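Novice: If you want the building blocks of each chain, they are given just below.
Number of protein chains: 2
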Amino acid sequence: MTRYQHLANLLAERIEQGLYRSGERLPSVRTLSQEHGVSISTIQQAYRLLENLQLITPLPRSGYFVSPRKAQPPVPAMTRPVQRPVEVSQWDEVMTLLDTRGDKNVVPFGSGSPDLDQPGLKPLWREISRVAQHQPEAVMSYDMLTGRQELREQIARLMLDGGAVVSPDEIVVTSGCHGALAIALLSVCKAGDIVAVESPSYHGTMQMLRGFDIKAIEIPTDSQTGISIEALEMALEQWPIKGVILVPNCNNPLGFIMPDSRKRQILSLAQRHDIVIFEDDIYGELAAAYPRPSTIKSYDVDGRVLLCSSITKSVAPGMRVGWIAPGRYYDRVVHMKYAASSFGVPATQMAVASFIRDGHYHRHVRRMRQIYQQNMETYTCLVRQYFPCGICMTRPQGGFLLWLELPEDVDMVSVSKQLRLQNIQIAPGSLFSASGKYRNCLRINCALPPNERNRNALKQIGEAVQGAMEHFAIVRGT
Amino acid sequence: MTRYQHLANLLAERIEQGLYRSGERLPSVRTLSQEHGVSISTIQQAYRLLENLQLITPLPRSGYFVSPRKAQPPVPAMTRPVQRPVEVSQWDEVMTLLDTRGDKNVVPFGSGSPDLDQPGLKPLWREISRVAQHQPEAVMSYDMLTGRQELREQIARLMLDGGAVVSPDEIVVTSGCHGALAIALLSVCKAGDIVAVESPSYHGTMQMLRGFDIKAIEIPTDSQTGISIEALEMALEQWPIKGVILVPNCNNPLGFIMPDSRKRQILSLAQRHDIVIFEDDIYGELAAAYPRPSTIKSYDVDGRVLLCSSITKSVAPGMRVGWIAPGRYYDRVVHMKYAASSFGVPATQMAVASFIRDGHYHRHVRRMRQIYQQNMETYTCLVRQYFPCGICMTRPQGGFLLWLELPEDVDMVSVSKQLRLQNIQIAPGSLFSASGKYRNCLRINCALPPNERNRNALKQIGEAVQGAMEHFAIVRGT
Ligand SMILES: Cc1ncc(COP(=O)(O)O)c(C=O)c1O
Ligand SMILES: Cc1ncc(COP(=O)(O)O)c(C=O)c1O
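Residue numbers (UniProt numbering), protein chains in the order written: chain G, 1 to 478; chain C, 1 to 478.
Because the hints were derived from the structure by calculation, they are not lab data.
Here the structure is a predicted model, which means the values were calculated and not measured.
A couple of the hints might just be wrong.
Identical chains blur together in the list; that is why a pair holds if it fits in one copy or across any two.
Cross-link-like lysine to aspartate or glutamate pairs, in silico, EDC-like; alpha carbons within 16 Å at most [said to hold, decoys possible]: (1) K104 x E137; (2) K437 x E237; (3) K122 x E137; (4) K190 x D213; (5) K104 x D117.
Using the sequences and the hints given, assemble the complete structure.
Specialist: Here it is in structure tokens:
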């Protein structure tokens, strides 16, 4: 982020927080320049940016004023998915999403990748280089089946931050959080079983269910408090459900953090019905608030929570370093690790262990939390500006994903095809439903820095949505 | 290998080949020293080594003579496993084997790891170091789901050596050969299915079957020509078998290479019964003969062979770079890759691609083929010397594994527990059977250089076996 962007964010925050009220005059360029010790032109750039975001309005010869406050779009209401177990579909759409990976010409708003263009990552790739040079034998050899000891020790420390006391010997290192979830599911479920999921929920997990012939029952989910415990309870009474997959902290795609009381409630529900909780904490470290929110695992007394996570979102996906704390399923998980994925890559495990141990991890995560919060605010403003009225939008409590709900009739699957021709990739909402719901929704990756290219792309998305709405209005003759 | 070891191997070979006959006088130390341009003491060391191996005998003041030829132990006969589908057991024993990994005090004769203390591997870890420094972005990012293009191109080239013409787009990169087999099995089979396997066969694959609730039917297998096609045919007529897992080239554990005619026969059998062949080619590059043997895949016309392999044995396990050429199951395999294991580690894939492209791979493999052949000859001699009579032993056509069959009553599972206390790890034969057969067998890893420590360990194994046989004779009162 450049200096003027930083400043603009700061001012935008003050406006959001009501420190500068609607209609109020902002400090003069000169005053701000002195206050922040930056040049006049930097302040001018920052003001122009805020003007573009329609947060402030210039009045000739009087300076800048806070724009009349445009109402925040409402948050999406509780979802209402199909209330019976279904087979997961949507593979072709997921493939389309994955296929554009690595194409530099495409703006990947649909991806879930973190920002990797960060100096805080330098110690990580330096460390990979170092271990390859200095410990070639370990790098070349088969590793321990459960993962390297020094890494499991660091992971145990990270888990403490979420309140879970887990010893390194109770942890199994996996290939990313995806690998963790796959092993967890294969250890607990068999083909034909039913598993409950939040709705919407992450498409990777859905495709896993499909691959293993497990049926999904989608449970209504609130964009601010998470899965409906009442609806889950009803489903548990009606169907032989084996477990529930939850992303309770900084949910993908909705961004909520389940309140602690609800985390406890869902755990006791799981105990009453003797089901398993697959807890996916992959975004948990990126919560806006500090200290980070607790995991459901931290309340687990009888080992029924299988905590799965990775450094994919907090650090980098390419390491493929993830883990499970499988509670009472430890033995089955170790066997399934051997059966389904066998040994891990020592080099990246060694590098990640040092990265955490030497403090680089926490420094990087602290910084990224801030950046992502700022990005999400900026993108929220931009969406208000570029998108038509009548939409709902999440107010994420962490992570870097925004979820938009458009009027019922807008079909984001076909809009996404159109955008793809403009080299813009988005994730239509239907990817996040086993039954193909949420075609009128989309998820936006706010890890992309809000630079000119990305702002323009967002504008194009807004225009395409506008077009789809108009088209629809014409078709309906309204 | 030191100079004198090299020389000893050379002379041992000439003796094996009959160039020096039993009872014949060997060239004088001085003659050999001149011929090979090495010091007198080197020749003396080599001769002493051959004397230790009982290949030559010194006669005072007359020089060295070729020892009377001790008969080669016979090869094991066709195996006779249980002829019905069974659930795989033996997990605890496999765990014991895996648990000693990385313990430097243990001599790992039971492992399947290649020799990693080789200068030919230097370009590989150097390359890892280089890609981390020079392409950090690619190293940090999610990769393509099917693996990096440049790596798939190199893999396609390697497949050509085995006669299979496969385009890079028909290849899916996996986490080792184990990951390849797991994805292949999950793509084709479901819980409750039956798969035929060679007997004995690699314990990792067996545990996979167990993990996925697939039953194994063990087919009689000959230590020189491979699986009995007749017995397989009978089994196919009797049971609803989905496919057969084969390691046709440099089999683990038996070391055979299936003759090409039998490879063709088994393929047409598979066609007639419409089953799938899971071909595991992991040792195929390490065949003693050059050019390397053909894969069954090379004869495949209707895409029913899923060829699985990796660089684990030919290069290094720690890279976790493997692959599948799944033929007509490509789409299912790609989906299952996403479901079960998701993306791979870019860093090691990039390094391996360069390692192959720049010729280091072929150079290394050529050298290792020779070393392993020499090692296996040395160990064969040592076994004849250290082990009691009445054993059978394979004559591998490649790879680095020897398989020993002791008298029926010897229990290698308990011998292995005893040896473990002496810091020697062996793989008892029962690991290689779904039904716990072959307790009187063991597999020896000849990738361990035959240095003093390892020779001594082998001697101790021989003594332990001798002890078990004597114990048994006493118990039986013979
Ligand atoms: C909620 C959630 N779980 C799991 C994953 C997969 O993570 P990994 O790349 O570590 O396998 C993702 C990645 O997008 C995710 O968003
Ligand atoms: C026959 C066979 N297949 C597969 C494997 C697993 O290979 P990887 O380590 O590449 O997963 C082994 C390793 O011992 C093996 O011997």
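Novice: Now tell me, hint by hint, if it's right for this structure.
Specialist: Status of each hint after checking the structure:
no.: 1; hint: K104 x E137; verdict: between (36 Å within a copy, 12 Å between copies)
no.: 2; hint: K437 x E237; verdict: neither (24 Å within a copy, 47 Å between copies)
no.: 3; hint: K122 x E137; verdict: between (24 Å within a copy, 10 Å between copies)
no.: 4; hint: K190 x D213; verdict: both (8 Å within a copy, 9 Å between copies)
no.: 5; hint: K104 x D117; verdict: within (14 Å within a copy, 40 Å between copies)
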